[in-house]
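Input sequences plus hints: build the corresponding full structure.
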Amino acid sequence: MGFLFNRSVDNEVALKPLSIGIISIVLVGFLSFLLLTSNPFETILPFGPPNGADINPVLQDPALAIHPPTLYLGYVGFVIPFACALAF
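Numbered per numbering that gives the first Met the number 0, the sequence shown finishes at 87, counting up by one with no gaps.
Hint data in this document are derived by calculation from the structure and do not stem from the laboratory.
For each residue, glycine too, the CB sits at the ideal point set by N, CA and C.
One or more of the hints may lead you astray.
Label-pair distances were calculated between CB atoms; the ranges are [stated by the list, open to error]:
no., residue 1, residue 2, range
1, Ile79, Asn50, 22 to 30 Å
2, Ser23, Asn50, 44 to 52 Å
3, Thr42, Leu72, 40 to 48 Å
4, Leu44, Pro80, 22 to 30 Å
5, Ala84, Ser31, 17 to 25 Å
6, Val57, Leu34, 43 to 51 Å
7, Leu70, Ile43, 46 to 54 Å
8, Leu33, Pro80, 49 to 57 Å
9, Pro45, Gly76, 23 to 31 Å
10, Thr36, Gly73, 35 to 43 Å
11, Thr42, Gly20, 34 to 42 Å
12, Phe87, Leu44, 20 to 28 Å
Following this line, the structure appears as structure tokens:
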């Protein structure tokens, strides 16, 4: 993130604290959502699947292992341009 601000001009110096503040607000929002709504010990179903039913075959695609990390990288990657756009 610091490489965006290394070549700052005098009129852009005020944008650095503003964009870092916006990034901090986004971070606090995501962390509060994560801490207040997620319970890692909560079970999805109150009972086990009948007859040992397996996972849905559609969900066994290897591409589904790649999807969550790439989605997360997309969110993280667009936070800095989002903050810079709001700061301008």
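Right, here's what the structure says about each hint:
Range check, isoleucine 79 to asparagine 50: about 50 Å between beta-carbon atoms, so the 22 to 30 Å window is missed. Here the CB-CB span from serine 23 to asparagine 50 is close to 50 Å, well matched to the stated 44 to 52 Å. Against the hinted window of 40 to 48 Å, the Cβ-Cβ separation of threonine 42 and leucine 72 comes to about 29 Å, which falls outside the hint. Take leucine 44 and proline 80: their Cβ atoms lie about 40 Å apart, and the range 22 to 30 Å is violated.
At roughly 23 Å, the beta carbons of alanine 84 and serine 31 sit within the given window of 17 to 25 Å. Between valine 57 and leucine 34, the C-beta spacing of about 32 Å breaks the proposed range 43 to 51 Å. For the pair leucine 70 and isoleucine 43, the supplied restraint of 46 to 54 Å is violated, since their beta-carbon distance comes to about 20 Å. Take leucine 33 and proline 80: their Cβ atoms lie about 22 Å apart, and the range 49 to 57 Å is violated.
Taking the beta carbon of each, proline 45 and glycine 76 are about 38 Å apart, not inside 23 to 31 Å as hinted. Range check, threonine 36 to glycine 73: about 21 Å between beta-carbon atoms, so the 35 to 43 Å window is missed. The given range of 34 to 42 Å is respected by threonine 42 and glycine 20, whose C-beta atoms sit roughly 39 Å from each other. In this structure, phenylalanine 87 and leucine 44 break the distance hint of 20 to 28 Å, their C-beta atoms being roughly 48 Å apart.
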